[in-house]
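Participant: Each chain, written out:
Protein chains: 4
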Amino acid sequence: MMIVMKEGATDEEVAAVVSKIERAGARAHRSQGARVTVIGAIGDVEQDANVESFGLEGQPGVDRVVPILKPYKLASAQITHGERTVLDIGGRKIGGDSFALIAGPCTVESREQTLQTANTVREAGATLLRGGAYKPRTSPYAFQGLGQEGLRLLAEAKAETGLPIVTELMDMRDMDAVLEVADVVQIGARNMQNYPLLAEVGRSGCPALLKRGLSSTLDELLMAAEYILKEGNPDVMLCERGIRTFETAYRFTLDLMAVPVLKELSHLPVIVDPSHAAGRRDLVLPLSLAAAAAGADGIIVEVHPNPDEAICDGPQALVADEFEDFARAVEQAAALAGKELAGTEPVVA
Amino acid sequence: MMIVMKEGATDEEVAAVVSKIERAGARAHRSQGARVTVIGAIGDVEQDANVESFGLEGQPGVDRVVPILKPYKLASAQITHGERTVLDIGGRKIGGDSFALIAGPCTVESREQTLQTANTVREAGATLLRGGAYKPRTSPYAFQGLGQEGLRLLAEAKAETGLPIVTELMDMRDMDAVLEVADVVQIGARNMQNYPLLAEVGRSGCPALLKRGLSSTLDELLMAAEYILKEGNPDVMLCERGIRTFETAYRFTLDLMAVPVLKELSHLPVIVDPSHAAGRRDLVLPLSLAAAAAGADGIIVEVHPNPDEAICDGPQALVADEFEDFARAVEQAAALAGKELAGTEPVVA
Amino acid sequence: MMIVMKEGATDEEVAAVVSKIERAGARAHRSQGARVTVIGAIGDVEQDANVESFGLEGQPGVDRVVPILKPYKLASAQITHGERTVLDIGGRKIGGDSFALIAGPCTVESREQTLQTANTVREAGATLLRGGAYKPRTSPYAFQGLGQEGLRLLAEAKAETGLPIVTELMDMRDMDAVLEVADVVQIGARNMQNYPLLAEVGRSGCPALLKRGLSSTLDELLMAAEYILKEGNPDVMLCERGIRTFETAYRFTLDLMAVPVLKELSHLPVIVDPSHAAGRRDLVLPLSLAAAAAGADGIIVEVHPNPDEAICDGPQALVADEFEDFARAVEQAAALAGKELAGTEPVVA
Amino acid sequence: MMIVMKEGATDEEVAAVVSKIERAGARAHRSQGARVTVIGAIGDVEQDANVESFGLEGQPGVDRVVPILKPYKLASAQITHGERTVLDIGGRKIGGDSFALIAGPCTVESREQTLQTANTVREAGATLLRGGAYKPRTSPYAFQGLGQEGLRLLAEAKAETGLPIVTELMDMRDMDAVLEVADVVQIGARNMQNYPLLAEVGRSGCPALLKRGLSSTLDELLMAAEYILKEGNPDVMLCERGIRTFETAYRFTLDLMAVPVLKELSHLPVIVDPSHAAGRRDLVLPLSLAAAAAGADGIIVEVHPNPDEAICDGPQALVADEFEDFARAVEQAAALAGKELAGTEPVVA
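The listed protein sequences correspond, in order, to chains X, L, F and U.
Per this note's numbering, the first sequence starts with residue 1, numbered consecutively.
Per this note's numbering, the second sequence starts with residue 1, numbered consecutively.
Per this note's numbering, the third sequence starts with residue 1, numbered consecutively.
Per this note's numbering, the fourth sequence starts with residue 1, numbered consecutively.
Treat the hints as calculated values from the structure; they're not laboratory data.
Just so we're clear, the structure is a prediction, and the values are computed from it rather than from any experiment.
Don't be surprised by glycine CBs; every beta carbon is placed ideally from N, CA and C.
Some hints could be false.
With a straight-line cut-off of 27 Å between C-alpha atoms, the simulated BS3-like cross-links for lysine-lysine are [unchecked claim]:
id, chain 1, residue 1, chain 2, residue 2
1, F, 230, L, 6
2, U, 73, X, 6
3, L, 73, L, 230
4, L, 73, F, 6
5, F, 158, L, 6
6, U, 93, U, 73
7, L, 230, F, 6
8, U, 6, X, 230
9, U, 158, X, 6
10, U, 6, X, 73
11, U, 93, U, 158
Examples of chain U residues toward chain L, derived with CB under 10 Å [stated by the list, open to error]:
id, residue
12, 74
13, 77
14, 78
15, 80
16, 82
17, 216
18, 257
19, 259
20, 261
21, 283
22, 289
23, 293
24, 294
25, 332
26, 333
27, 336
Full structure from sequences and hints, please.
Facilitator: Next comes the structure, spelled out in structure tokens:
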């Protein structure tokens with residue numbers, strides 16, 4: 001890391017910083033500019049990644065501490081020397097040249113709704129089936145999901161369609177039940193920094209779809225992924241789902257710049273969820289096309305046979321009858337970025 | 001709630017909305033303006049609070065749905081008819097005319113550091129002792145707190161000083177251990193929407209200090225409080241600790257407007273944490289004075305006998321030797337807003 | 001507009017609001033819910049658009065005032081009954097089924113650079129040539145553009161290539177000089193709410209490319225357009241160029257949701273500038289593809305024969321030699337959204 | 001500045017950066033860490049302040065360029081060696097130990113309103129009289145101010161009360177008329193980056209009150225001040241007036257951290273405008289107390305004899321009858337921060 005001293009920092013202040021760096025076992029390298037002194041602290045990677053441990057910020061004479069290395073390692077593009085991670089979920093590829101179309105109901109509501117949606121998305125070539133059994137709701141008075149019964153219905157849909165399942169885990173105590181059904185465990189945006197949950201998912205070894213927090217930087221998202229990877233679970237995909245900004249014309253602002261930038265910073269696949277940012281069905285197609293054209297490794301969207309009757313997030317659900325057309329348009333946009341739909345040719349696991 | 005139709009919405013579209021409202025058991029009330037139709041849905045409070053359950057957003061012809069009632073109830077100022085909640089924590093009052101000075105180490109590091117800090121803040125008239133045994137860290141490689149040993153040290157500090165303890169709970173599995181020591185359980189900003197954790201804290205009955213998420217609206221903070229209150233735990237204090245904005249000159253932007261506005265919306269006490277937003281000791285005093293002058297019910301700050309040696313967040317810790325002066329300045333600012341320091345006259349529990 | 005009263009508002013407070021509405025010449029329409037009263041103010045469009053003129057916000061007993069109609073009129077989609085505006089710039093169409101590829105140097109630096117770039121983008125089928133003679137710079141010490149000499153070079157490039165010119169106007173005093181050369185006057189993001197400048201551009205009748213302010217809502221962008229339209233100038237295109245958010249991984253966050261939403265709210269063409277948000281060449285292609293796939297009516301990008309030598313914003317300039325490939329990729333993405341490149345078949349004006 | 005190379009940058013890439021630095025006349029200083037190379041570019045101050053001119057961002061192998069020196073000079077705290085600038089406006093001090101209470105109507109509406117308000121604030125000890133003759137309005141249909149007639153009324157108020165006048169300039173063409181009346185020219189938030197206007201105000205020599213843009217960083221605010229200072233006008237005060245964030249509970253989020261931080265970065269006085277952020281009268285007092293307690297050099301607030309009848313921003317105007325009490329409370333809060341009201345003892349100019 002580099003320590004930028006204030007203009008007018010005294011020799012004693014500079015010496016104190018140097019001494020603190022050396023006590024921490026790193027090497028200090030002083031560089032004197034026209035007006036300010038900059039001190040490089042050269043140590044091993046762990047030290048640099050952990051700027052705070054030096055306790056230099058706020059020291060007398062210190063203007064700021066500039067980290068040089070990225071704070072994440074296992075999630076970084078460097079660790080694979082530029083090779084991209086491709087996940088294999090029940091025979092479907094996610095990442096690399098494969099584009100994952102992940103679709104299904106926001107919430108599992110009933111047997112009929114679940115199976116009908118599963119079949120629809122299966123026929124249109126979806127890669128994975130998504131569906132929520134446990135729903136994080138802003139209001140304690142809102143419907144919180146069918147829970148175990150929802151998981152059972154997802155298991156049935158999987159048996160019927162062969163589609164691997166993505167479903168959200170919110171409460172560690174539901175881990176075993178969720179793992180029985182899920183091929184991919186989803187960590188929602190609100191839990192992106194729920195570290196005990198991340199570590200448990202890491203230990204479970206189950207592939208994870210990690211959503212970016214509403215106001216999390218890309219670095220923080222990658223640090224959250226690091227919590228999972230560090231436990232020995234290499235199967236993490238990142239998901240941009242809209243961030244919070246000043247704009248009130250939409251629920252969240254979908255940040256598609258995150259797609260190419262995350263792919264530069266990390267080897268992990270990057271998925272986009274256009275439904276939650278928009279909150280409106282009519283925006284899902286243009287945003288899905290944009291995500292695919294920007295190079296995303298997949299999208300995750302909500303589909304309902306009859307969105308008007310949906311218990312939750314109906315307005316943003318694609319209509320099942322129109323999903324085939326949607327899938328074909330997205331497929332073309334993915335092709336622009338050199339990707340093929342992962343699920344178009346069904347694979348026997 | 002009010003449903004604003006689009007310009008040019010057809011009679012059929014209006015009728016469909018009316019019918020949907022009526023099927024949900026509410027009364028529809030149509031009002032025809034020069035250009036658009038607005039439909040009021042008048043039902044019971046639960047219905048209005050739960051706008052989504054009507055499934056009207058995104059319906060054909062609907063421009064937007066405007067909720068009229070606040071989505072929280074137990075946290076609302078209305079429920080107590082304007083009376084303010086005053087918490088009693090081991091004989092100390094929080095809320096009303098009492099100003100709570102909550103202070104202590106960021107992280108419990110050692111017996112000496114903890115006891116020394118506890119004694120210092122006790123002598124300066126602190127209301128509660130804060131101290132972290134479990135620390136949520138962005139990096140999985142950073143120090144995560146002393147855990148159980150940290151709790152033991154806090155218990156010792158409490159025995160020695162009589163100060164009630166505020167400490168953070170991150171993992172439900174630590175609940176019992178934390179409850180043995182904590183007089184107030186802190187829910188950190190990153191866990192503000194960890195609903196299972198909120199519900200458990202609600203069920204525990206232990207007073208809670210709930211920090212606002214980095215990008216949570218005041219409504220969302222109050223909804224998170226509602227998760228605790230709903231389980232029968234009335235003892236919640238809200239804590240503003242800085243929000244995320246575009247400004248990079250500081251870690252977070254302390255939002256002091258939240259103080260008077262939360263106090264208008266809710267009967268719950270409002271505490272301010274100036275340390276984490278600033279990340280720098282020299283900003284803690286002016287921000288603490290500002291918080292007190294704005295009418296906060298208390299502040300929560302970090303103190304260390306030797307911040308340079310702190311394991312975590314040293315740069316923002318107040319120096320123990322200067323804490324007495326700090327406390328007296330804050331006391332004067334609180335007096336401006338008509339409040340007295342809760343801890344100045346030690347109370348026998 | 002609707003006036004939502006507070007819970008517990010008195011009859012007198014309700015009556016005062018009603019009377020204020022009626023004194024303003026509108027009709028008041030009272031609707032009594034389970035807990036709160038809502039009053040509709042039904043008047044002519046001007047009144048509704050100008051909520052503030054009623055002076056109801058902050059009145060005793062008033063919780064909030066909810067505008068019903070959009071505050072802009074001439075910019076609204078309703079005014080053309082859903083028909084989209086197509087600008088004709090020297091025979092090139094912008095809007096509708098035409099996709100405008102606007103390209104050229106960030107800053108006009110020299111005759112050679114300008115003519116070379118103009119020829120390159122002309123050959124690749126660009127619709128318009130962009131180039132800055134006057135540059136708004138954060139620092140007063142930075143290069144501020146060639147001024148009149150820059151305009152002269154743009155005129156020469158136009159004569160040589162036939163490409164219409166887009167160039168920025170910052171200072172009203174340069175209006176005449178700029179109008180002599182410009183086919184489209186650009187209003188930069190920093191001047192989006194420079195109302196005297198907007199009004200003058202409106203009066204000039206010259207087509208305008210209006211960039212969204214760094215933190216302007218879509219409504220504010222449309223209100224800024226309204227300032228131009230109101231002076232009788234119907235030729236305005238809107239430009240999304242990145243907004244300011246908490247994310248520090250890029251200069252600005254490109255908001256591609258603005259594309260479909262602006263096209264729903266307004267009849268005006270919507271252009272995207274991916275270069276300034278990214279600040280990096282390698283992001284310009286994926287973001288341009290995404291913009292086109294999302295349905296934008298065009299993009300505006302920077303091109304330089306030798307970006308390393310560029311005086312300004314070199315890192316984000318596309319390399320002239322690679323522009324042909326870039327243009328073809330964007331053309332395909334625009335085709336996905338049903339659009340054809342406006343400039344591919346040169347048009348005789 | 002420091003150039004951080006990417007991991008794996010080649011020797012050629014490092015050499016190219018070094019050569020570019022040297023061609024620009026600066027000295028390159030290479031420092032090799034465990035994983036990455038960092039290159040310091042050591043030159044004169046102008047070079048460092050103008051990072052962009054090196055054209056290093058986006059160069060092959062470059063990860064990022066970290067500026068070391070602040071980009072502003074005349075506005076920086078260093079230039080006065082820590083001494084604070086104190087403005088003298090018609091005998092009133094602004095800055096240092098003086099606290100400026102700037103008050104008056106949002107908009108000059110009528111002779112009676114203006115004179116009555118001026119007398120009220122004069123009697124309560126205000127330092128300056130504020131009042132708008134030209135109003136920047138989001139809507140072109142809203143009242144735009146009385147213009148020249150407004151200026152005339154302000155001149156009359158000044159003659160009657162002796163209070164120096166602060167009034168906004170939006171359009172350079174009104175400069176002469178405004179300068180005839182104004183003791184301080186206000187640059188509104190929307191014009192903070194209207195560089196031609198800033199430069200003209202700089203050349204005029206008239207003291208300026210410069211409001212922070214809605215989403216401007218502190219660095220950008222100081223750069224805007226630099227535009228004025230650079231023209232030889234040393235009399236600039238900075239004004240925090242609320243920034244744009246995700247929070248919708250208030251119009252803008254007042255950023256009081258800006259007060260101590262601006263005072264650390266710059267020698268210029270820092271004023272706070274609590275009225276526009278709040279948009280509500282009841283928040284103006286707590287926010288004013290907070291601003292004063294945080295160490296602001298003054299506040300600027302709106303007062304109206306009868307806010308219900310105000311043409312513009314009535315809900316946020318303090319009631320004239322209550323202004324005396326308001327002034328006394330603010331005076332006490334300023335005293336906490338060691339400041340005295342500048343206008344309490346009227347000064348003969």
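Participant: May I ask which of the numbered hints given earlier this structure violates, with the numbers listed in increasing order?
Facilitator: Of the numbered hints, 5, 9, 12, 13, 14, 15 and 16 do not hold.
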